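S.K.: Protein chains in written order, with our numbering: chain A, 23 to 433; chain B, 23 to 433.
No lab work stands behind these hints: they were computed from the structure. Hints are not guaranteed to be accurate.
Derived coverage of chain B by chain A (criterion: at least 3 residues anywhere in the stretch with Cβ under 8 Å from a Cβ of chain A; other residues may be distant) [stated by the list, open to error]: (1) 76-89; (2) 200-208; (3) 289-295; (4) 392-406; (5) 416-425.
Note that the coordinates shown come from a computational prediction; the quantities given were computed from them, not determined experimentally. By construction, the Cβ of each residue, glycine as well, lies at the ideal position given by its N, Cα and C atoms.
There are 2 protein chains.
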Amino acid sequence: MTVNLPLPQKDQLKPIKGFQMGIAQAGIKKANRKDLLVMTLTPGSQVAGVFTLNRFCAAPVQVCREHLALDGAQGEIRALVVNTGNANAGTGEQGMQHALETCVALARDLNLNPEQILPFSTGVILEPLPIEKIIAALPAAVADLGEDHWLDAAEAIMTTDTQAKAASMTVQTPLGAVTLTGICKGAGMIHPNMATMLGFIATDAGFAPGLLSGLTQTVADQSFNAITIDGDTSTNDSFIIMATGQSPVRIQSMDDPSYQLVRDALTALARKLAQMIVRDGEGATKFITIEVVGGKTESECRLVAEAVAHSPLVKTAFFASDPNLGRILAAIGYAGITDLDVNHVQMWLGDVWVAKDGGRNPDYQEADGQRVMQAAEITVKIDLGRGSAQQTMWTCDLSHDYVSINADYRS
Amino acid sequence: MTVNLPLPQKDQLKPIKGFQMGIAQAGIKKANRKDLLVMTLTPGSQVAGVFTLNRFCAAPVQVCREHLALDGAQGEIRALVVNTGNANAGTGEQGMQHALETCVALARDLNLNPEQILPFSTGVILEPLPIEKIIAALPAAVADLGEDHWLDAAEAIMTTDTQAKAASMTVQTPLGAVTLTGICKGAGMIHPNMATMLGFIATDAGFAPGLLSGLTQTVADQSFNAITIDGDTSTNDSFIIMATGQSPVRIQSMDDPSYQLVRDALTALARKLAQMIVRDGEGATKFITIEVVGGKTESECRLVAEAVAHSPLVKTAFFASDPNLGRILAAIGYAGITDLDVNHVQMWLGDVWVAKDGGRNPDYQEADGQRVMQAAEITVKIDLGRGSAQQTMWTCDLSHDYVSINADYRS
C-alpha cells in the first residue's frame, strides 16, 4: 500500500523542449516488462549529478562520474540510459566493461561518442549484467524516442516500487516561464547519500557554465538526501538534473533574481519526488515528518532526525499506531550529541506536547497521543533547546510488509 | 522462537558465597509475575558497572553512577534492586525521586545507607514508576533472600525475553578455584553501548582496589558491547560485576597470573550471556556471527561489522534464507571507511568464498550460498585487505515476529 500517493496522470507531466525519452522491453530480469529507458538531450544542454557515497558503488556510477568529468572535453553529455532488473554492482572489472559497452552501443545508435552517454542500473547486486539483452533492445528504445513519454519512463525505471513516480511544475521568472518535470524510483535501501533510488529532472532553463553542479547538490540535500526508509545507502543512487536551455530563461549567476526562483522550484519538485519514494516505502502505512529544531548546528539536527527516522522500534510503534513515545526519546539520546542536556529537550507529536524539559509533560494524555498516531501523516517535532539550527527528514513506518517484501524480493 | 538456546537448569547455576537474591511479585505492570529482584552482597565485596551511553539514560542509571562514585565514602555497595515492567526513563525529576525512594526503602529494610544500594529498572519508557507497589513488595523480596535463587532471579528480570538467561562457570587459578554465575535479560532495543539489557555477574574472587572497574569495561566490550539486534541503544542498559572475595583467590594486580585466567573466564561467561540475548532476539530465527578481519584499526572493523549487523536488508535476507549477498557488500560500502578500496575486499558465507577482490567470486555457486543460508547459525567473514585488526559481532535476523512483538509490546 502507499500513503497518500496518487497515480501520476500523463497529461499533467509536461514535455521539456529538447528532451526525449524512449522505452523498451529488454527482458533483463522478467519478460514483458518495460526495463530499459533511453533519454536524449538537444545539443547545448547541461547535465549535473549527485551520486551514492557507498564505496561499493556500482559500475555505472563510476562511469557516470568519469563521463561527467570529461563533459565538454569529449563533447557534452547528450544521452542517458537506464536499466532495471540488475544493479551492475559488486560486479568488478567485468561490470565496468558492461557499463562501458552499453555506452558504446548507444553511442553508435545515436551517432555520439561513448563519453557523451551516462549509464544507470538498478536492481539486484552481485549478479552479472545481461549485457547482450540490453544491447539488443537499445535500437527499440531509440526508435521510441519522443518528448511525451514521461509516464512510460517513470514506469520503466521501477523495481519494488508499487507505482510510478513523476511530477511537473512551471515557475514564472522575470526572464519568462521555466518548466520542470521529473521522475524517480525507489522504495527500499533508502537512506541519505543516497537512497536506492534514481531521480531525473529535466528543465528547459539554461545556466551559465558551472552553476548547475552546485545547484544539484543543494537540491539533493533538501530532498533525496533528507529521506530514509531503512537506513541502507545503496550502491547505485543517482540524482540528475538536465537543463536543455530551450526556454528564454538563461540564468547567468547566483545573484540573478531568477536563480532563486528556479532553485526553489527545483527543490520543491525534487522534494515532492523524494517524498513519493517514502509514500511508496516498502510496506509503508504512515508518512512521517521528523522536524528537529533548536540545534547548535544543522548536522547535529540531522543526527537526531536520522536516529529517530532510523529506529526500528520507533518505526514499529508508528506501524502499530501506538504512542510508545519513550522510544523517540531513547533515539534522541543515542543520536550522538554527547553533551546534550536532556532537560532542555521538548517533543511534540502533531499538536500534542508530549515531552517537556526532558520528561513526560504532566498535561500529556495518552488519548491525545493515540489520536495523532491514528493519522496516515504524522509530524514529530523535537526542540533540542540549544541553538537555532534545524533540519527536517521524511520517513515511513516499519511493517510486516517490509519484511515480506525484502524476504521475498529475489524469489 | 529462539536459536539454539536451551533453558537454564537450576542445578547448573552455582551459588556464589556471600551473594544472595530475593524475588517478589510487585504487580508493577502485570499481576502474578515475578518483577522485583533484590540482591545483597556480604561486607567487603566489590562492585563495578558499565552503563548505557544514551543521553536520555534512565533515572536509576544516574543513581547507580552517583552511588558507585560514592562507593567507599558512604560505605560500600551492599545491595542491588531491579524492577521490570517500567524503565523509569524519560521521567524527569520525579523519576529521580522514585529511584532514590526505592534505595531509601530498601536501605531501611536491610539496615544500610541508601547510597549503598544500586537501583535498576527495565520496561516501558516515559511512564511514571509505580513507586508504592515497589516499596510495598520490597519486604517480601528481602524475606526471600537466599544463595540458591539464580533461576528465579533470571526469571524476575525478563521483559520481552521468551526465556530466562543464566550461566555458571568455574575456573582454576594458581590461587585456587573461582566460581562465576551470571544472569541477563534483553531481546530488543539491543545495540552496543549498550543493549536494553541488564547483566549481572557475581564471583567469589576478590580484587585489589581499582582493578574491577577497568576489568568490567574490558569484559563488556568483548561481550555485551558486541551484540546488536535492532541498533537501538537503550536508556537503561547496565552491566554489573560483583566480587564477594569469599574464595581464596584475591587478585592483586593485572600482572598476577590469576588475573588473566579470571578475566578470560568473566569474558567467556559474559559473552555466553550476551549471545543468549541474541539467540532470544525479538523474532530471531538465525544466530549470525559477523567476523571482520584485515582492517587498519579495530574501530573500523567494528564500523563494518555494525553496518552489516544492523542492515534491515541483510537481516531480512537471512530471515528468508536468501543468499542476496550483494546487500552485505552494500553495507560494507556505506559503513563509513571513506578510503576503502573495495578491490581488496573478500567475503565468505560460512565456508563459501562469495566475493573475491570486490566482485563476485567466479567460482561462487548460488547453491553453495543457499546451503549455508539454511543453517540456524551462520558466520559471515569479511576481509578488508588493509591491515591486521579484527572485530567480531553477533546479531540475529529480522523477521515478521520482530515487527509483531514491537508493534504489540504495550498492548
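S.K.: If a hint holds in the structure, say so; if it doesn't, say that too.
M.R.: So, going through the hints one by one against the coordinates:
no. : hint    : verdict
1   : 76-89   : holds (count 4)
2   : 200-208 : violated (count 0)
3   : 289-295 : violated (count 0)
4   : 392-406 : violated (count 0)
5   : 416-425 : holds (count 5)
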